[in-house]
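Novice: Below, each chain spelled out in residue letters.
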Amino acid sequence: MIGLLITGTFLLLIVLAYVTVATPYLASSVVYFMAFGLGSTVLYFLFSAPDVALTEAVIGAGVSGVVFLVALLQTQTREDDA
Amino acid sequence: MLETLNQPTYLHFVITVGAFGVFAIGLIGVLVKKNLFKIFLSFSLVESSLFLFFIGSHYDVGKRAPIVADGVMAFDHRMVDPVPQAMILTTIVIGIAVLALGLSYVVRYYRLSGHTRIDQMDELGEAS
Amino acid sequence: MSFKKTIKLKTILTALLVSLLSILLLKVITQVPLTSQALGITLLDLNRDLTHSANAVTSVVTYFRGLDTLGEVTILFLSIFGVGIGIDRSTQMKTILHYDNTLLKIGAHVLFPVIILFGIYIIVHGHLSPGGGFQGGVVIASAFLMKFLAYGDAYELDHRILVLFEALSGVGVVVLGLLGLLSGGLFLSNVLPLGRLGTLLSGGIIPLLYLFVGLKVAAEITVLVEYFLRTQDARDA
Numbered sequence: 001m002i003g004l005l006i007t008g009t010f011l012l013l014i015v016l017a018y019v020t021v022a023t024p025y026l027a028s029s030v031v032y033f034m035a036f037g038l039g040s041t042v043l044y045f046l047f048s049a050p051d052v053a054l055t056e057a058v059i060g061a062g063v064s065g066v067v068f069l070v071a072l073l074q075t076q077t078r079e080d081d082a
Numbered sequence: 001m002l003e004t005l006n007q008p009t010y011l012h013f014v015i016t017v018g019a020f021g022v023f024a025i026g027l028i029g030v031l032v033k034k035n036l037f038k039i040f041l042s043f044s045l046v047e048s049s050l051f052l053f054f055i056g057s058h059y060d061v062g063k064r065a066p067i068v069a070d071g072v073m074a075f076d077h078r079m080v081d082p083v084p085q086a087m088i089l090t091t092i093v094i095g096i097a098v099l100a101l102g103l104s105y106v107v108r109y110y111r112l113s114g115h116t117r118i119d120q121m122d123e124l125g126e127a128s
Numbered sequence: 001m002s003f004k005k006t007i008k009l010k011t012i013l014t015a016l017l018v019s020l021l022s023i024l025l026l027k028v029i030t031q032v033p034l035t036s037q038a039l040g041i042t043l044l045d046l047n048r049d050l051t052h053s054a055n056a057v058t059s060v061v062t063y064f065r066g067l068d069t070l071g072e073v074t075i076l077f078l079s080i081f082g083v084g085i086g087i088d089r090s091t092q093m094k095t096i097l098h099y100d101n102t103l104l105k106i107g108a109h110v111l112f113p114v115i116i117l118f119g120i121y122i123i124v125h126g127h128l129s130p131g132g133g134f135q136g137g138v139v140i141a142s143a144f145l146m147k148f149l150a151y152g153d154a155y156e157l158d159h160r161i162l163v164l165f166e167a168l169s170g171v172g173v174v175v176l177g178l179l180g181l182l183s184g185g186l187f188l189s190n191v192l193p194l195g196r197l198g199t200l201l202s203g204g205i206i207p208l209l210y211l212f213v214g215l216k217v218a219a220e221i222t223v224l225v226e227y228f229l230r231t232q233d234a235r236d237a
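Protein chains in written order, with this note's numbering: chain A, 1 to 82; chain B, 1 to 128; chain C, 1 to 237.
There's no promise every hint is true.
[Stated by the list, open to error] So the derived label-pair ranges between C-beta atoms look like this: (1) B:108 / C:184: 27 to 37 Å; (2) B:17 / A:28: 19 to 29 Å; (3) A:15 / C:11: 32 to 42 Å; (4) A:28 / C:45: 43 to 53 Å; (5) B:17 / C:208: 39 to 49 Å; (6) C:26 / B:34: 25 to 35 Å; (7) B:34 / A:38: 21 to 31 Å; (8) B:9 / C:158: 51 to 61 Å; (9) B:121 / C:103: 38 to 48 Å; (10) B:122 / C:26: 18 to 28 Å; (11) C:50 / B:71: 17 to 27 Å; (12) C:104 / B:113: 46 to 56 Å; (13) B:121 / C:50: 51 to 61 Å.
Honestly, the hints are just simulated from the structure, not real lab data.
No experiment lies behind these values; they were computed from the predicted model shown.
Where a beta carbon is used, it is the ideal one built from N, C-alpha and C, also for glycine.
Whenever a hint applies, use it, and build me the whole structure from the sequences.
Specialist: Encoded structure:
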């Protein structure tokens, strides 16, 4: 059962990582990155690492997204037209 | 069927391939993307994939968290190695601080030049 | 037209390079044998007798590798220092990401002490349950972040208190380490009674050390968030 959960979460993480890099809108890519942080929180919990899961939940899904969004708001760039 | 997914060899395969999938996506983002915000997001993805690999490679099915609580009365050998968890714990906090440092320089660069794209960086005048 | 072609060629070359690198790395990684747990087993055995801390991760962070934690906190401080240099602080500062909303203000006012209390709980119970200085410190900083978002420019942070907390906790870690050096001959060795495993007052210097680390992290992340939220708006310039 736990093997299935780990496999599914890894698939979800790969999809979220791809969407983070591929989407042309920077704000949405930050939101996808926060979702990636939440998914890796689940994975750390499955790996019996609750300390790391708590850290990642607070930092990866919270503070880093806020820092990215605020830095984005301070500049005028909205779309990544690469 | 579900029991075969719990085999240690299969789990290590999944963890290795999954972490390197995220690593490769992040590396492509760092190399291909032109916007500095996207590059820093990709750096964070690469960092996260390394954390996942490091924690995951020390896990086996049935191992508990290294905490004495909830009926577990003593430390035994059915617990996960605490050393990589401690290392990654500090590394995540360092990661957010270094990320904030980089983003503050991106904002500063935007104020100086008006854009955040690396293919338009021409402060040293190489292109002209 | 040719410009478009070169970009496509570059993308293909990058994909080839990345796949080659990944294959090489995978080859190296799969040849490494499954991890033997020698160091972890030794530390778990030592943890039973040496620290009396219920959370082995906490005792590794603060006791067996306490010097690394000191260096890590130093790196954190240096990064915040660099952010302070990178973001220019003029007199005309205003809070971005702020909407004037009464409900938000009342909610922030009610929730602020609860979140602070939760952060302190996570820090103080770091040697008993998952959590500790880093996580609790960031939770406390998130309470201040909520205040900034709700009140905007009306919320003033007293920087003297922040600097006091930051400096005192940094000095506290070093003084604890030097006390250990004087009494036990090792930097950060235990100077306090160990107590009974699983109670709040156990683990020797570990709760005290994690309290200092938590205060330092809380002060630093709060200042970091304030630097990012409260700047001269670049869009006006």
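Novice: Indicate, hint by hint, whether the structure satisfies it.
Specialist: Against the structure, the hints:
no., hint, verdict
1, B:108 / C:184: 27 to 37 Å, "violated (46 Å)"
2, B:17 / A:28: 19 to 29 Å, "holds (27 Å)"
3, A:15 / C:11: 32 to 42 Å, "violated (20 Å)"
4, A:28 / C:45: 43 to 53 Å, "holds (49 Å)"
5, B:17 / C:208: 39 to 49 Å, "holds (44 Å)"
6, C:26 / B:34: 25 to 35 Å, "holds (29 Å)"
7, B:34 / A:38: 21 to 31 Å, "holds (28 Å)"
8, B:9 / C:158: 51 to 61 Å, "holds (57 Å)"
9, B:121 / C:103: 38 to 48 Å, "holds (44 Å)"
10, B:122 / C:26: 18 to 28 Å, "violated (39 Å)"
11, C:50 / B:71: 17 to 27 Å, "holds (24 Å)"
12, C:104 / B:113: 46 to 56 Å, "violated (35 Å)"
13, B:121 / C:50: 51 to 61 Å, "holds (53 Å)"
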